[in-house]
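Chemist: Sequence:
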Amino acid sequence: MAYVPGVALLAALAVGCSAGSDGSASDADSKPGGPTVTTAPPGKYRTLPAPCRAVPGSTLKDLLPGVAELPQQQQEKAFRGSPTVTYDTDRKVGCSWKSDAPDSTRNLSIDFERVVSYDPAVSDDDRARTLYAKKETAADLSGVTTPPGPPEKPAGSAAGEEMGTGKPDGGEGPAGPSPSASGSTPGTASGTPGAPGAGEDLRPRVLDGLGDAAFLDDLLTRAGSTAQHRTVSVVFRTSNVIVTVRYGEQPALVTKVPDSKELQEKAQALARKLAEVISE
2 MAYVPGVALL AALAVGCSAG SDGSASDADS KPGGPTVTTA PPGKYRTLPA PCRAVPGSTL
62 KDLLPGVAEL PQQQQEKAFR GSPTVTYDTD RKVGCSWKSD APDSTRNLSI DFERVVSYDP
122 AVSDDDRART LYAKKETAAD LSGVTTPPGP PEKPAGSAAG EEMGTGKPDG GEGPAGPSPS
182 ASGSTPGTAS GTPGAPGAGE DLRPRVLDGL GDAAFLDDLL TRAGSTAQHR TVSVVFRTSN
242 VIVTVRYGEQ PALVTKVPDS KELQEKAQAL ARKLAEVISE
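Sequential numbering from 2 applies to the sequence shown in this note's numbering.
In short, the hints are calculated from the structure, not lab data.
Accuracy of the hints is not assured; some may be wrong.
[As the list claims (entries may be wrong)] Listed below are the simulated PhoX-like cross-link pairs for lysine-lysine, each with C-alpha atoms no more than 25 Å apart in a straight line:
hint : residue 1 : residue 2
1    : K267      : K257
2    : K62       : K267
3    : K262      : K93
4    : K136      : K274
5    : K135      : K257
6    : K78       : K262
7    : K45       : K262
8    : K267      : K136
9    : K78       : K99
10   : K78       : K257
11   : K274      : K93
12   : K274      : K262
13   : K78       : K274
14   : K262      : K99
Quick caveat: nothing in here was measured; it's all calculated off a predicted structure.
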C-alpha cells in the first residue's frame, strides 16, 4: 500500500518540475520578446577648443586693422580677446575682439557649441543637425537676393544709395540704383549680382565644403543718421559641434558702405581655420 502513494508522489513531483521549467522558460522567452531600447552613439567631439586661442595671431592682425598701431601692451590686450560668459564651458564657449582704426571699427566673435543629446534614442549628431537646421531656417536664406539693408526709399529720393531692390534684373524703378555720395551703392560696393562688374554671388547662401553643413548671412543695417554697419555671419556644423563666426565693420564716414566681399572672404577663411582647429 505504501508503494502506490510513492509512485503518485514521484509523478506529482515530475509534473510540478515540468510546469516550473515551462514557466521559467516562458518567462525567459518573454524578456527577449519585449521592447528593446537602442542607445544612439555619442558625438565625435567630447571637448571644445579654447576660443580666445583658436585664432592665430597673424589672422587677428589681418581681421583687426589698427591694433598693430597700438603700443605693445594695448596690442597684447586687444589680441587676447574677451571670453564669452557661459555657465557650462564644457558645452559652450566663445570669444570676441574689437579694433578701432581711423577709418572704421571692426568686430569679431566666435562661438563653439558642443551638442549633447539626453535622449538615448537620438544621437548627438542628430540633435546637432536639428539645432543647426533651426539656425539656418532663422537666417531665412530662401528668397533673399541681397544682404538686408536700410529701408527702401521712393524713386527720386536724395538718398539714392538706398534705392532699388537689388534683384538681378534691377527691380522696379530707374534702370539700376542711383550712386551714393561715396560713388557706390550697396550693390556695386558689395559686388551684388546684377551690379556692373560683379564677379560672384555675395548673397546670403548655403556654403559648400565647410564642415558637414554651413551657411553665410550678410546683414547691412543703419540706425538713424549713424554710419552703416555690416555683419557677416558664417555658421557651420561638424559632427556634434556648431561654430558661429561673426565679423563686422562700421566705417567712420556715414556715406561709406562696408565692403561685403572683403568681410565675407575673411569670415569664411576664418571659419575654415576653425574647422581645422576642431578636428585636430
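Chemist: For every hint, state whether the structure bears it out.
Modeler: Results for each hint:
1. In summary, the hint linking K267 to K257 is supported, as the alpha carbons are separated by about 19 Å, within the 25 Å threshold.
2. Note on K62 and K267: the hinted pairing holds, with a Cα-Cα distance of about 12 Å set against a maximum of 25 Å.
3. About 30 Å separates the Cα atoms of K262 and K93, which puts this hinted pair outside 25 Å; it is violated.
4. Among the hinted pairs, K136 with K274 is consistent with the structure: their alpha-carbon atoms are about 21 Å apart, no more than 25 Å.
5. A C-alpha spacing of about 34 Å is found between K135 and K257, which places the hinted pair above 25 Å, so the restraint is violated.
6. At roughly 29 Å between alpha-carbon atoms, K78 and K262 are farther apart than 25 Å, so this suggested pair is violated.
7. Distance hint between K45 and K262 is unfulfilled; the C-alpha atoms sit about 34 Å from each other, more than 25 Å.
8. Of the supplied pair hints, the one linking K267 and K136 holds, its CA atoms being roughly 21 Å apart against a limit of 25 Å.
9. For the proposed pair K78 and K99, the alpha carbon gap of about 11 Å is at most 25 Å, so the pair holds.
10. Between K78 and K257 the alpha-carbon distance is near 29 Å, which puts this suggested pair outside the 25 Å criterion.
11. This hinted pair checks out: K274 and K93 have alpha carbons roughly 19 Å apart, not beyond 25 Å.
12. A hinted pair counts as satisfied when its Cα atoms are at most 25 Å apart, and K274 with K262 qualifies at roughly 19 Å.
13. Note on K78 and K274: the hinted pairing holds, with a Cα-Cα distance of about 22 Å set against a maximum of 25 Å.
14. Proposed proximity of K262 and K99 is supported: the alpha carbons are some 20 Å apart, at most 25 Å.
When the structure is compared with the earlier hints, violations turn up for hints 3, 5, 6, 7 and 10 and for no others.
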